[in-house]
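Engineer: Now for the letters of each chain:
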Amino acid sequence: MSSTTTTSNAYQVRNMNFFYGTRQALDGINIDIPAQSVTAIIGPSGCGKSTFLKSLNRIAEAETKVRIDGQISLFGQNIYDPKVNLTQLRRRVGMVFQRPNPFPMSIYDNVAYGPRVFGTKGNLDALVESSLTKAAIWNEVKDKLRTSAQGLSGGQQQRLCIARSLAVNPDVLLMDEPCSALDPIATLRIEELIENLRTQLTIIIVTHNMQQAGRVSQNTLFFNTDESRIGQLVESGLTKEIFFSPKDKRTEDYITGRFG
Amino acid sequence: MTASSKPQIENLTTGSGKLQADTIARWLFQGAAFLVLAVLVWMTVVMAISAMPAISKFGFNFLIDKTWDPIQEQYGGLTFVFGTIASSFIAMLIAVPVGLGIAIFLTEDFLPENVLTPIAFMVELLAAIPSVVYGLWGIFVMAPFIRAFETWMNTNLGFIKIGDKSIFGTPYGPGLFSAGVLLSIMILPTIASISRDVLKAIPKSLRNASLALGATRWETIFRVMLPAASSGIIGACVLGLGRAIGETMAVTMVIGNTPQIDTSLFAPAYTISALLANEFAEANEPLHIGALFYAGLLLFAVTLIVNVFAEIFVRRVSSGRQ
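Here the protein sequences line up with chains A and B, keeping their order. So in the working numbering, spot 244 of the first sequence is number 244, and the numbers just go up one at a time. So in the working numbering, spot 19 of the second sequence is number 19, and the numbers just go up one at a time.
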């Protein structure tokens with residue numbers, strides 16, 4: 001873990017442009033994302049919020065051909081430097097996806113996957129237990145660690161995926177609409193979990209659910225598309241300010257439900 | 001409400017001809033399905049009856065006897081069973097790693113999609129080449145290379161022996177090794193294209209999950225993709241094995257057709273299917289014909305077992321995916 005204080009920034013994004021092939025998806029993003037807190041990214045569909053999130057651990061480039069201009073630094077290091085070790089970057093920046101995606105193996109092996117890939121020394125059993133405990137699912141699965149992860153409910157699978165990410169001890173956790181495939185009770189449990197993890201790492205969560213952003217985050221980024229369908233960052237700031245006194249008309253319209 | 005407000009409906013038990021059409025169609029399709037089953041049973045029975053003279057004379061000894069002598073009327077199938085299994089085994093040893101490599105290459109994004117698709121199509125096209133063409137190619141194109149390779153192996157690795165005979169013995173050209181290599185090319189498309197389909201069917205989300213955890217491409221392939229696809233890949237391999245065991249023409253042309261079990265990989269051998277193709281035309285004695293049918297029955301049993309296993313594996317994969 002890095003020795004950052006709550007006042008420092010996890011990410012610094014400067015003049016970032018994002019292209020899928022030749023189509024521009026994000027234009028001129030500038031933002032500091034504070035460490036050790038929860039930052040929510042909200043905005044209408046197609047505004048580039050998931051794209052932005054996927055550029056923070058460079059997983060976007062694993063899916064399709066992309067080009068990124070500008071600079072994104074993580075704790076002061078430019079992550080798009082050609083010398084950057086992607087493996088090391090992604091170990092420090094975990095990701096939880098929209099749909100739970102446990103590997104078709106046992107619960108234990110799912111959590112142990114990252115540590116095994118990195119050849120982590122030490123007690124694997126203890127690491128699996130502590131990761132599952134942090135993800136608030138240990139009590140539900142401790143008696144069936146060797147059974148298939150795909151037998152779990154959707155909410156349990158998502159918490160297992162969070163445990164899997166935590167097992168490699170990341171500094172940042174990216175969450176891409178982690179509750180969109182879950183029922184309200186499972187959603188609530190994930191939100192409690194986010195609240196508890198906040199002191200340990202930086203969490204950046206994309207969400208469609210305005211109430212969720214209000215409940216879990218300290219800071220909020222509002223993305224929107226301009227006339228040419230290119231995503232941009234309209235407004236950012238403390239969540240309570242964005243929600244109660246938005247400066248931009250578009251933010252106000254979105255939050256009050258006039259579009260989106 | 002009065003009784004007169006009830007809607008008048010027709011008698012539901014009388015009706016149109018629709019049901020009859022259903023019944024006819026059902027019997028038709030059922031008949032077709034059972035016909036296949038009947039043909040299978042009939043073939044087995046006919047083969048068993050024709051094999052009866054040999055079965056009653058040699059019994060299970062046929063399976064462990066190495067003699068095949070039409071003049072003395074002494075028949076044993078062991079050399080052919082050995083040749084069938086050994087040539088298929090060599091084919092699998094080559095085709096499984098290569099086919100899996102092709103499948104992985106075609107599912108990863110090393111090349112753009114519009115280049116990969118034609119390659120995948122051409123791999124599948126390999127399966128469409130008639131086996132006699134493979135055989136000709138084997139004799140005229142592959143054989144010189146094989147002979148050069150065998151000579152090299154014999155010179156450099158000829159000292160590896162079982163008992164006092166070398167594994168890499170005299171380079172004949174036609175023989176067990178040639179047959180195995182040719183078979184491996186013939187079953188490659190089966191293994192590569194089915195494995196590719198299975199790998200393609202694995203959700204992208206699993207791959208992303210592994211990459212996002214910091215695993216490299218190779219760790220992702222070997223730790224997530226291949227295990228997730230394992231039962232389907234095994235199914236593909238068993239289907240390939242089934243084809244290798246039953247393949248006749250190409251093998252007959254390159255295996256050397258000598259009923260023997262030699263320690264050398266390069267020595268000529270014989271398979272059941274090659275035996276049947278070569279000897280049926282000139283078999284007159286009932287015992288000779290019976291022995292050939294007996295050998296055919298063995299081949300039938302082996303391919304049936306292999307295909308049943310393939311079916312079970314493939315089924316397990318498709319049910320696991322839902």
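One or more of the hints may lead you astray.
Said to hold, decoys possible - Here are the simulated DSBU-like pairs of lysine-lysine, each with C-alpha atoms no more than 35 Å apart in a straight line:
1) Lys142/A - Lys121/A
2) Lys83/A - Lys65/A
3) Lys161/B - Lys144/A
4) Lys204/B - Lys65/A
5) Lys204/B - Lys66/B
6) Lys204/B - Lys134/A
Since the hints were made in silico from the structure, they are not lab data.
Engineer: All hints, please: hold or fail.
Structural biologist: A quick look at each hint next to the structure:
no., hint, verdict
1, Lys142/A - Lys121/A, "22 Å, holds"
2, Lys83/A - Lys65/A, "19 Å, holds"
3, Lys161/B - Lys144/A, "51 Å, violated"
4, Lys204/B - Lys65/A, "15 Å, holds"
5, Lys204/B - Lys66/B, "53 Å, violated"
6, Lys204/B - Lys134/A, "27 Å, holds"
This entry does not satisfy hints 3, 5, going by the numbered hints stated previously.
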